[in-house]
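**Q** Model the full structure from these sequences, guided by the hints.
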Amino acid sequence: MTTKTTFWDNKQHTVLVVELVFYSILLVASVGALLRRRQLSKGAILCSISALKISGCAVSVHAAIQTVNAINSQGATKYPSVSLVTTGAILTSLATAPLILLTRAFCPTGDLPQRFQKFIRITVIVPAIIAIVGYNDWANGGSSMTTGIALVKASSILYLALYLAFVASGLVMYLQVRNSATRIESTGVFIVLLAMPFFLVRFIYVIASSFVLTTNMSAYHKFSFFNGDWRTSLSMFVVMEFVVEVIYCFGVHLLISRETELTSVTDDGSVKMESA
Numbered sequence: 018m019t020t021k022t023t024f025w026d027n028k029q030h031t032v033l034v035v036e037l038v039f040y041s042i043l044l045v046a047s048v049g050a051l052l053r054r055r056q057l058s059k060g061a062i063l064c065s066i067s068a069l070k071i072s073g074c075a076v077s078v079h080a081a082i083q084t085v086n087a088i089n090s091q092g093a094t095k096y097p098s099v100s101l102v103t104t105g106a107i108l109t110s111l112a113t114a115p116l117i118l119l120t121r122a123f124c125p126t127g128d129l130p131q132r133f134q135k136f137i138r139i140t141v142i143v144p145a146i147i148a149i150v151g152y153n154d155w156a157n158g159g160s161s162m163t164t165g166i167a168l169v170k171a172s173s174i175l176y177l178a179l180y181l182a183f184v185a186s187g188l189v190m191y192l193q194v195r196n197s198a199t200r201i202e203s204t205g206v207f208i209v210l211l212a213m214p215f216f217l218v219r220f221i222y223v224i225a226s227s228f229v230l231t232t233n234m235s236a237y238h239k240f241s242f243f244n245g246d247w248r249t250s251l252s253m254f255v256v257m258e259f260v261v262e263v264i265y266c267f268g269v270h271l272l273i274s275r276e277t278e279l280t281s282v283t284d285d286g287s288v289k290m291e292s293a
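Start counting at 1 in the sequence shown, then tack on 17, and there's your number in the working numbering.
Hints listed in this document are in silico derivations from the structure and should not be mistaken for laboratory results. The reader is advised that the hints may include incorrect statements.
Stated by the list, open to error - Keeping only pairs whose Cα atoms sit at most 30 Å apart, straight-line, the calculated BS3-like set for lysine-lysine is:
(1) 170 to 239
(2) 28 to 170
(3) 239 to 95
(4) 95 to 21
(5) 170 to 21
(6) 239 to 21
(7) 135 to 170
(8) 28 to 95
Since the structure is predicted, the reported quantities are computational estimates derived from the model, not experimental observations.
**A** Set out below in structure tokens:
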């Protein structure tokens, strides 16, 4: 009697389920931040990160279930399409954009014009679009695969460049106003620096994963996002991202509490709040 493959035989599938649970909890915590009615933009960004991750993991789990069913039924035509597998990767990749944007939101903006701040927010969309086009070209196969791989590589490097630029500019801005900085500004910078080492390890994995992408979709490499070593992915990507998001989520709630503390009621009942 042939032993059937189960969903849990592949450790990567277990990791996907853990991610689903984690991001569901993060979504609840993010909504909780929104309900506190302060630091709304940061709470909204956390919600978008959770939603994208949940969507990406759900698609990947669905593809994994189809794979297991195809193996057990020995039906080659029942394997998930490359497009379905790629969709999960794209959604996961898209979550990087709001995560970097949240990093910038924790840093002081000083006297930067609103138009320039809006331009900064738009820049994170560029690597996201490049990643979508790249993965799509790679999934379509044929001559477009090489172009797609090049775009995925460019996207991973551009994400890192934007992250470092945001952190550097935020630190410069903070040093300029350090003597007059509020507790909220100081706390925001501390949160970014606390998460930075974990973020950088995550970036190392993402860049390595993009550079081992080849035209052979079944090729194995331990850094491969699709069929690599689950231990490497878990330790360098999944756990690192968990830590960053826990720090940022805690940071948002901490800033909300700090902002509440800075709000005082004057004798005549009016509200006075220190600038944040």
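**Q** Next step is simple, just say for each hint if it's right about the structure.
**A** Results of checking the hints against the structure:
1. 170 to 239: holds, 17 Å
2. 28 to 170: holds, 27 Å
3. 239 to 95: holds, 26 Å
4. 95 to 21: With Cα atoms ~16 Å apart, residue 95 and residue 21 stay inside 30 Å; holds.
5. 170 to 21: violated, 38 Å
6. 239 to 21: holds, 26 Å
7. 135 to 170: Given pair residue 135, residue 170 holds - Cα atoms ~26 Å apart, limit 30 Å.
8. 28 to 95: Measuring from Cα to Cα gives roughly 22 Å; hence the hint holds.
Going through the hint list in order, the structure does not satisfy hint 5, though it satisfies all others.
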